[in-house]
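Undergrad: Residues per chain, in single letters:
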Amino acid sequence: MGMNRREFLQIMAIATAGGFVLNSEDSHAASDASRMYDLPRRGNVSFMHITDSHAQLYPIHFREPAINLGVGAMSGQAPHLVGNALLKRFGIKPGTAQAHAFTSLNFIEAAKSYGKVGGFAHLATLVKQIRASRPGALLLDGGDTWQGSGQALWSNGQDMIEACLELGVDVMTMHFECMYGAQRIKEAEEGILKGKMDVVAHNVKTNDFGDPVFKPYVMKEMNGVPVAIIGQAFPYSTIANPRYFVPDWSYGIQEENLQSTIDEVRKKGAQVVVLLSHNGMDVDLKLASRVSGLDAILGGHTHDGIPAPIPVKNRGGTTLVTNAGSNGKFLGVLDFDVKAGKITSFNYKLLPVFSNLLAADPSMTALMQRHRAPYESKLSEKLATTDGLLYRRGNFNGSFDQVILDALMKEKDAPIAFSPGFRWGTSLLPGSAITMEDVLNQTAITYPYSTLTEMTGAQIKNVLEDVGDNLFNPDPYYQQGGDMVRVGGLEYTCEPNAKMGQRIQDMRLNGELLDANKTYKVAGWAPVSEAARDKGGEPIWDLVARHLRNEKVVKVSTPNVPKLKGMSGNLGMI
Amino acid sequence: MKAEVDLNRRKALKAGGSMGLLALFGGLGLLQSGAALAEWNKAAFSAKSMDDALNALGVIIPENSATAIQLTVPEIAENGSVVPVSVASNLADIEQISILVDKNPNVLAASFVIPQGTEGLITTRVKMGQTANVIALVKAGGKYYRVAKEVKVTAGGCGG
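Taken in order, these protein sequences are the chains called U and E. Just so you know, we're using numbering that gives the first Met the number 0 here: the first sequence kicks off at 0 and counts up by one. Just so you know, we're using numbering that gives the first Met the number 0 here: the second sequence kicks off at 0 and counts up by one.
Simulated from the structure, these hints should not be mistaken for lab results. A hint or two may mislead.
[Said to hold, decoys possible] Within a straight-line C-alpha distance of at most 25 Å, the following computed DSS-like cross-link-like pairs (lysine-lysine) qualify: (1) U:LYS338 x U:LYS219; (2) U:LYS267 x U:LYS381; (3) U:LYS460 x E:LYS41; (4) E:LYS148 x U:LYS498; (5) U:LYS498 x E:LYS142; (6) U:LYS554 x U:LYS534; (7) U:LYS267 x U:LYS312.
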């Protein structure tokens with residue numbers, strides 16, 4: 000059952016007054032709620048961290064992955080733990096609100112019981128509460144905040160920029176923010192954000208002379224302690240996304256440059272140094288082992304909701320690595336106690352934002368309504384109903400991807416379809432209406448062109464191998480984040496531990512092995528080349544909307560996922 | 000103010016272009032005479048395999064040395080047509096720094112003659128058609144040293 004905050008409090012009051020224990024999900028939820036946001040200050044330097052909200056201003060459901068395989072040294076390690084393996088690793092009791100926030104276990108029932116998550120109005124209340132107990136605390140935004148909804152897309156991220164200012168974000172770094180074009184983010188930095196929010200990225204340089212594009216870091220004083228926040232933008236922005244949006248900028252991990260930046264801020268007297276990173280957690284874990292002088296990496300990109308920081312040893316000591324999930328579901332709170340210039344202790348908590356447990360902040364609500372009004376009628380159009388759970392997140396096709404693939408194959412009359420392995424995209428419970436807003440929550444990018452391409456069997460294999468290596472390369476520095484490209488029509492076997500070129504096996508179309516030399520029609524969307532942009536192509540959301548209007552009811556079947564080889568016992572799948 | 004200064008520097012450099020650089024090199028005596036240019040090692044630059052390229056360069060057995068040579072390349076190329084490569088070395092008496100790409104049709108991509116007393120630091124861009132190892136080869140005091148790093152060239156897309 001769904002409960003609002005008042006009902007929750009009433010149940011708690013009744014349970015307490017009556018002296019009896021409610022033996023249901025609700026009683027768990029109510030007792031969790033009383034403890035969840037009670038977080039005493041544990042030091043004089045505090046950071047709040049949000050990342051990858053993907054423009055979800057309103058509360059949503061978001062199902063965490065049931066499959067997030069780790070290969071090589073990452074096998075069986077956070078963040079490659081799902082379900083009970085994750086609960087066990089971090090000591091979370093099954094059947095609790097926390098367990099629902101961090102896993103996909105019993106998702107539908109738990110989602111009904113605990114209600115929606117996230118929403119900037121609820122997040123704003125939580126931020127204010129944490130700030131009240133932590134004077135001087137800084138709020139950091141790890142990026143992928145301005146993109147992910149129809150409203151954000153059509154307003155060029157303006158709704159999110161203003162929401163972040165209202166929320167009180169102090170420092171940000173970036174990924175999809177750059178996909179509105181280089182000019183947009185620079186214009187925001189030098190205009191509306193100036194003097195209010197610092198945009199930092201040590202690893203973005205001009206192509207010609209290697210000049211820095213953004214401030215590499217910002218130094219602040221917090222309760223008398225000098226702290227530095229260094230920015231790390233998504234290193235593969237021009238590879239995973241269209242280069243033409245930022246033609247004059249170069250990215251990359253830039254380990255050496257990071258080390259010299261750390262050395263510089265330490266020399267300037269910083270006693271606490273954190274990296275606000277959009278690398279992805281595997282990259283951050285490797286980076287933490289190779290650079291010294293960072294106290295923490297507050298990470299994003301891979302959307303891993305990791306309840307506790309992972310301590311990583313390096314030649315300078317230990318660096319804490321965190322990842323704060325996605326879609327506005329979590330607020331990370333990191334306290335350091337600094338005495339005589341040295342960190343003596345830390346405390347970290349990744350707080351799930353349960354919309355029913357946190358009142359909506361009135362001024363954020365007003366801001367959200369103002370930005371939504373122009374698009375309300377378009378967004379709220381009901382396109383169809385779903386009879387099952389729709390979700391995206393996971394290494395391979397989710398059920399919402401399957402809807403997009405089915406739409407592509409039908410509308411483009413193609414036997415095979417590809418859809419990108421994005422990790423954003425919200426979830427819908429069985430029986431829900433699918434609105435235009437829901438479709439845009441899966442598709443709202445600035446390069447939405449749908450495509451139809453003739454590809455040989457060999458080319459199709461190359462694409463799958465290429466994306467497979469971005470996901471399963473045993474060296475994290477060669478991973479780009481994101482999940483496996485979603486595949487419609489084609490069945491295959493995947494062996495993540497194999498070498499590139501050998502992971503994708505037994506590709507079949509209607510039971511027949513794919514012919515390397517034969518040509519097939521392949522539908523897709525989100526092409527990164529300039530040629531594809533110039534060719535145009537119907538925006539994917541219009542194509543999917545048309546398909547859904549015709550279908551009326553989406554009958555959810557098992558998504559087309561590959562057979563897996565060599566993965567039995569991997570703790571990254573349920 | 001800083002932005003304006005940067006912009007002016009940029010304009011000046013762009014306007015000056017190669018002539019300025021040429022003059023600079025000429026002034027420092029780095030551009031060598033026709034005789035030196037004639038030393039272009041055709042065999043090395045035409046070599047199709049790593050062994051042939053090393054033979055043509057006269058390399059016997061290079062010593063692996065990640066400590067003496069710092070090779071900076073991107074892990075994944077943003078654009079395979081122009082992959083930035085930097086090689087720095089603090090070895091004494093560096094005579095030559097070469098860059099090889101093991102899967103390129105012509106393995107030797109660049110070779111720099113380092114005059115006596117010059118800092119061992121070069122930066123250039125190489126073209127790569129596919130994922131390959133980039134090798135920095137440094138000749139110092141008559142001996143050869145090498146270090147290799149893999150650079151991935153990918154089709155792109157699908158991230159995030």
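Undergrad: Against which earlier hints does the structure fall short, listed by number upward?
TA: Numbers 2, 3, 5 and 6 - these are the hints that the structure violates, sorted from lowest upward.
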